[in-house]
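Undergrad: Residue strings, one per chain:
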Amino acid sequence: MTEEALFRKLEAEEKNDEFIAVESQTFLQAAWKNFKSNKRALVGGIVLIVIVLLAIFGPMVAPYSYDEQNMALRNASPSADHWFGTDKMGRDIFVRILYGARISLLVGLVAAVVNLIIGTLYGGIAGYAGGKVDMVMMRIVDIIYSIPSMLYIVLIMLMFGASVGSIVLGISISCWIDMARIVRQEVKSLKEQEFTMAAFVLGASSKRILVKHLLLNAMGQIIVTVTLMVPQAIFTEAWLSFLGVGISAPQASWGTLAQDARSLIQVYPMQTVYPMLAICITIFAFNFVGEGLEKALDPKRKR
Amino acid sequence: MNNEAKTNVKPLLEVKNLTKYFPAKGGKEVHAVDGVSFTIEKGETLGIVGESGCGKSSMGRTILKVHEPTGGRIIFDGEDITDFNHRKMMPYRKRMQMIFQDPYASLNPRFTVGDIIEEPMIIHKMGTPKERKAIVQDLIETVGLKPDHIRRYPFEFSGGQRQRIGIARTLALKPEFIVCDEPISALDVSIQAQVINLLEKLQRERGFSYLFIAHDLEMVYHISHKIGVMYLGNMVEFGTSDDVYKRPLHPYTRALISAAPVADPKQAKEKKRIILQGEVPSPLDPPPGCPFSGRCPYATEKCKIKKPDTYEYDGRKVACYIYAPENVKQYSDAGKTPEEAVFLK
Numbered sequence: 305m306t307e308e309a310l311f312r313k314l315e316a317e318e319k320n321d322e323f324i325a326v327e328s329q330t331f332l333q334a335a336w337k338n339f340k341s342n343k344r345a346l347v348g349g350i351v352l353i354v355i356v357l358l359a360i361f362g363p364m365v366a367p368y369s370y371d372e373q374n375m376a377l378r379n380a381s382p383s384a385d386h387w388f389g390t391d392k393m394g395r396d397i398f399v400r401i402l403y404g405a406r407i408s409l410l411v412g413l414v415a416a417v418v419n420l421i422i423g424t425l426y427g428g429i430a431g432y433a434g435g436k437v438d439m440v441m442m443r444i445v446d447i448i449y450s451i452p453s454m455l456y457i458v459l460i461m462l463m464f465g466a467s468v469g470s471i472v473l474g475i476s477i478s479c480w481i482d483m484a485r486i487v488r489q490e491v492k493s494l495k496e497q498e499f500t501m502a503a504f505v506l507g508a509s510s511k512r513i514l515v516k517h518l519l520l521n522a523m524g525q526i527i528v529t530v531t532l533m534v535p536q537a538i539f540t541e542a543w544l545s546f547l548g549v550g551i552s553a554p555q556a557s558w559g560t561l562a563q564d565a566r567s568l569i570q571v572y573p574m575q576t577v578y579p580m581l582a583i584c585i586t587i588f589a590f591n592f593v594g595e596g597l598e599k600a601l602d603p604k605r606k607r
Numbered sequence: 323m324n325n326e327a328k329t330n331v332k333p334l335l336e337v338k339n340l341t342k343y344f345p346a347k348g349g350k351e352v353h354a355v356d357g358v359s360f361t362i363e364k365g366e367t368l369g370i371v372g373e374s375g376c377g378k379s380s381m382g383r384t385i386l387k388v389h390e391p392t393g394g395r396i397i398f399d400g401e402d403i404t405d406f407n408h409r410k411m412m413p414y415r416k417r418m419q420m421i422f423q424d425p426y427a428s429l430n431p432r433f434t435v436g437d438i439i440e441e442p443m444i445i446h447k448m449g450t451p452k453e454r455k456a457i458v459q460d461l462i463e464t465v466g467l468k469p470d471h472i473r474r475y476p477f478e479f480s481g482g483q484r485q486r487i488g489i490a491r492t493l494a495l496k497p498e499f500i501v502c503d504e505p506i507s508a509l510d511v512s513i514q515a516q517v518i519n520l521l522e523k524l525q526r527e528r529g530f531s532y533l534f535i536a537h538d539l540e541m542v543y544h545i546s547h548k549i550g551v552m553y554l555g556n557m558v559e560f561g562t563s564d565d566v567y568k569r570p571l572h573p574y575t576r577a578l579i580s581a582a583p584v585a586d587p588k589q590a591k592e593k594k595r596i597i598l599q600g601e602v603p604s605p606l607d608p609p610p611g612c613p614f615s616g617r618c619p620y621a622t623e624k625c626k627i628k629k630p631d632t633y634e635y636d637g638r639k640v641a642c643y644i645y646a647p648e649n650v651k652q653y654s655d656a657g658k659t660p661e662e663a664v665f666l667k
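Residue numbers (the numbering used here), protein chains in the order written: chain A, 305 to 607; chain B, 323 to 667.
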């Protein structure tokens, strides 16, 4: 073959034909793709969505309210009318569990918001400021952490009465501590990176550096921590209610439901199993989603 | 040029006796920068060379007030900015910028290229969003990237491309003075030339002044008008790049230049290398005398006790007793230059 047949000059439009690059994806697009490929996380996510929808709309369409008693039908077995049967007062267990889901999810939501706002900002400021400010802020955190949360939850209950508001307040006081510590650590290491110095030299304010450069880069870690903190808060509420320091009858939380059914556990064990199952499924779902997010948002996977 | 005219021309940047100590464990201090003085004129490049840990980068960062200076003065365009706070620095931030060493760490990984280049203009409230977008487009092309790169993320680019993004970000503010903190040491040799050519082109077109920090002597000689040699936080020699590179005066500069590799093997064989003994002293506990006295083959007792001043000799500044006026006179009385008298003995 002649040289001419082997080699020929490329036409102008052909020159870019071999341009190789990964498809441009935003950070969230890439994370979502990653998350979708994780079956466990996806199932967890779907279960969570179902739980949320049931908690919001279930009680609206249910024929009974959570405290509607039917003395003629006590401790009934599951039936078409009462899917999970009734309790010792003749109240529909399924409807009560739906109401319990509302309380649990409310507690979880508040915990998430507190974590995101207080935990993130507190940890972010401590980590960014460093030095004495950091020292003082972290010692305050240590003090809050060293007092058993049970103590102030009981105190709050005594002051404001046993209500959903009191227990949410009690849990909010301490649930952001872990988040603050994690964010502080993350910010401290990000602060040493050159892009933070670049932003400083460009004249960026501390607020801009903290929010746009440090916290934005810690976002993956923050989202993961939130999804792992929410089930913890839900569990705390259930556990406190079970012990009798939380929400009290006739209001229905999963903890109180389990507590109510406990006296009849030998006769009607299923009455205890339903609320416990609800707690388990919810917490598992949150943990699966958290795990999935942790993998999907890990920046090391992409570089 | 007569003396009067000389004093009327203000240097763009004047650094006087700049000192930066970092606190260390046990109440000690790291003497990162220990009394450095120099000037940079408009449109000029000052190359700073020295081995790792000699305080080059700390000096560059202190000039831009990333670190608060411990002592000395920083005078930019006639204004003493040493004690300026964040608010007062803002107009100067626009004029004094920095290009970073590590193109992988100096760009926020969560920002698109467009966001990165636009950010300085947002910070300084320059233009409307539409105008800013146009400037970003323009800058992207100035540094040799493609317009469709704007929506991409830094991790999709190579080191050289990222360094260009960093340069575009700096250009967005239209600065006059840029600290280049080893901007090419993290890049491949072929890419180094591209980035250097870009920096030189920008200097020609826009009259930038550079403080070019590097440890590659050849490169610094190639790009700089003046060279400053640093050792253990001190500027030991400062002069025009031809003078310093072709006729080094300070014993440390001589050793440094003799250690630079030569491309031609024949020349390399003939070349005499000065091998230094010992190690760089710790900046935690610098020697009381000349910082180089412990390793200097020509050191005398005096060198080990008292730190030499910076002497003017042959149009440049050298911090070595060999060039002290009384010694120079003594040598010239014997009919020799100090170099002949000391180094060729």
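No lab work stands behind these hints, which were simulated from the structure alone. One or more of the hints may lead you astray.
Below, a list of computed lysine-lysine pairs in the PhoX-like style, where the Cα atoms sit at most 25 Å apart [stated by the list, open to error]:
#: 1; chain 1: B; residue 1: LYS568; chain 2: B; residue 2: LYS658
#: 2; chain 1: A; residue 1: LYS516; chain 2: B; residue 2: LYS350
#: 3; chain 1: A; residue 1: LYS516; chain 2: B; residue 2: LYS347
#: 4; chain 1: A; residue 1: LYS495; chain 2: B; residue 2: LYS629
#: 5; chain 1: B; residue 1: LYS410; chain 2: A; residue 2: LYS495
#: 6; chain 1: B; residue 1: LYS568; chain 2: B; residue 2: LYS593
#: 7; chain 1: A; residue 1: LYS436; chain 2: B; residue 2: LYS364
#: 8; chain 1: B; residue 1: LYS347; chain 2: B; residue 2: LYS410
#: 9; chain 1: B; residue 1: LYS523; chain 2: A; residue 2: LYS516
#: 10; chain 1: B; residue 1: LYS347; chain 2: A; residue 2: LYS492
#: 11; chain 1: B; residue 1: LYS496; chain 2: B; residue 2: LYS332
#: 12; chain 1: B; residue 1: LYS496; chain 2: B; residue 2: LYS447
#: 13; chain 1: B; residue 1: LYS624; chain 2: B; residue 2: LYS658
#: 14; chain 1: B; residue 1: LYS350; chain 2: A; residue 2: LYS436
#: 15; chain 1: B; residue 1: LYS364; chain 2: B; residue 2: LYS350
#: 16; chain 1: B; residue 1: LYS639; chain 2: A; residue 2: LYS495
#: 17; chain 1: B; residue 1: LYS347; chain 2: B; residue 2: LYS364
#: 18; chain 1: B; residue 1: LYS455; chain 2: A; residue 2: LYS511
#: 19; chain 1: A; residue 1: LYS511; chain 2: A; residue 2: LYS495
#: 20; chain 1: B; residue 1: LYS350; chain 2: B; residue 2: LYS332
#: 21; chain 1: B; residue 1: LYS416; chain 2: A; residue 2: LYS511
#: 22; chain 1: B; residue 1: LYS593; chain 2: B; residue 2: LYS628
#: 23; chain 1: B; residue 1: LYS350; chain 2: A; residue 2: LYS511
#: 24; chain 1: A; residue 1: LYS516; chain 2: B; residue 2: LYS447
#: 25; chain 1: A; residue 1: LYS492; chain 2: B; residue 2: LYS350
#: 26; chain 1: B; residue 1: LYS593; chain 2: B; residue 2: LYS629
#: 27; chain 1: A; residue 1: LYS516; chain 2: A; residue 2: LYS492
#: 28; chain 1: B; residue 1: LYS468; chain 2: B; residue 2: LYS410
#: 29; chain 1: B; residue 1: LYS416; chain 2: A; residue 2: LYS516
#: 30; chain 1: A; residue 1: LYS511; chain 2: B; residue 2: LYS410
#: 31; chain 1: B; residue 1: LYS416; chain 2: B; residue 2: LYS455
#: 32; chain 1: B; residue 1: LYS364; chain 2: B; residue 2: LYS332
#: 33; chain 1: B; residue 1: LYS568; chain 2: A; residue 2: LYS516
Owing to the predicted nature of the structure, the values given are computational and were not obtained by experimental measurement.
Undergrad: Each hint: holds or not?
TA: Do the hints match the structure? See the list:
1. With a C-alpha separation of about 19 Å, the suggested pair LYS568(B) and LYS658(B) falls inside the 25 Å cut-off, and the hint holds.
2. About 35 Å separates the Cα atoms of LYS516(A) and LYS350(B), which puts this hinted pair outside 25 Å; it is violated.
3. For the given pair, LYS516(A) sits about 33 Å from LYS347(B) by alpha-carbon distance, which is inconsistent with the 25 Å threshold.
4. With a C-alpha separation of about 37 Å, the suggested pair LYS495(A) and LYS629(B) falls outside the 25 Å cut-off, and the hint is violated.
5. In summary, the hint linking LYS410(B) to LYS495(A) is supported, as the alpha carbons are separated by about 23 Å, within the 25 Å threshold.
6. This hinted pair checks out: LYS568(B) and LYS593(B) have alpha carbons roughly 14 Å apart, not beyond 25 Å.
7. The hinted pair formed by LYS436(A) and LYS364(B) fails the criterion: a straight-line CA distance of about 41 Å is larger than 25 Å.
8. Annotation: proposed proximity of LYS347(B) to LYS410(B) is violated, straight-line Cα distance about 33 Å (limit 25 Å).
9. Distance hint between LYS523(B) and LYS516(A) is unfulfilled; the C-alpha atoms sit about 33 Å from each other, more than 25 Å.
10. In summary, the hint linking LYS347(B) to LYS492(A) is supported, as the alpha carbons are separated by about 19 Å, within the 25 Å threshold.
11. For the suggested pair LYS496(B) and LYS332(B), the alpha carbons sit about 21 Å apart, so the restraint of at most 25 Å is met.
12. With a C-alpha separation of about 14 Å, the suggested pairing of LYS496(B) with LYS447(B) holds against the 25 Å cut-off.
13. Annotation: proposed proximity of LYS624(B) to LYS658(B) holds, straight-line Cα distance about 22 Å (limit 25 Å).
14. Under the criterion of a C-alpha separation no larger than 25 Å, the hint pairing LYS350(B) with LYS436(A) is consistent with the structure, at around 19 Å.
15. For the given pair, LYS364(B) sits about 38 Å from LYS350(B) by alpha-carbon distance, which is inconsistent with the 25 Å threshold.
16. Taking the CA atoms of LYS639(B) and LYS495(A), the gap is near 38 Å; set against the 25 Å cutoff, the hint is violated.
17. At most 25 Å may separate the alpha-carbon atoms for a hinted pair to count; LYS347(B) and LYS364(B) exceed this at roughly 41 Å.
18. A C-alpha spacing of about 24 Å is found between LYS455(B) and LYS511(A), which places the hinted pair at or below 25 Å, so the restraint holds.
19. A hinted pair counts as satisfied when its Cα atoms are at most 25 Å apart, and LYS511(A) with LYS495(A) qualifies at roughly 13 Å.
20. Our distance criterion of 25 Å between C-alpha atoms is broken by LYS350(B) and LYS332(B), whose separation comes to about 38 Å.
21. Taken as a hint, the LYS416(B) and LYS511(A) pair is honoured in the structure, with Cα atoms around 19 Å apart against an allowance of 25 Å.
22. With a CA separation close to 33 Å, the supplied pair LYS593(B) and LYS628(B) exceeds the 25 Å bound.
23. At roughly 32 Å between alpha-carbon atoms, LYS350(B) and LYS511(A) are farther apart than 25 Å, so this suggested pair is violated.
24. Between LYS516(A) and LYS447(B) the CA atoms are separated by roughly 16 Å; this keeps the pair inside 25 Å, and the hint holds.
25. About 23 Å separates the Cα atoms of LYS492(A) and LYS350(B), which keeps this hinted pair within 25 Å; it holds.
26. For the hint linking LYS593(B) to LYS629(B), the alpha-carbon distance of about 31 Å lies beyond 25 Å, and the restraint is violated.
27. Taking the CA atoms of LYS516(A) and LYS492(A), the gap is near 15 Å; set against the 25 Å cutoff, the hint holds.
28. For the given pair, LYS468(B) sits about 37 Å from LYS410(B) by alpha-carbon distance, which is inconsistent with the 25 Å threshold.
29. A C-alpha spacing of about 20 Å is found between LYS416(B) and LYS516(A), which places the hinted pair at or below 25 Å, so the restraint holds.
30. Straight-line distance between C-alpha atoms of LYS511(A) and LYS410(B) comes to about 17 Å, which keeps the hinted pair within the 25 Å bound.
31. Between LYS416(B) and LYS455(B) the alpha-carbon distance is near 19 Å, which keeps this suggested pair within the 25 Å criterion.
32. Proximity of LYS364(B) to LYS332(B) is assessed by CA-CA distance (about 9 Å); at most 25 Å being required, the pair is judged to hold.
33. For the hint pairing LYS568(B) with LYS516(A), the CA-to-CA distance comes to about 48 Å; that exceeds 25 Å, so the pair is violated.
This entry does not satisfy hints 2, 3, 4, 7, 8, 9, 15, 16, 17, 20, 22, 23, 26, 28, 33, going by the numbered hints stated previously.
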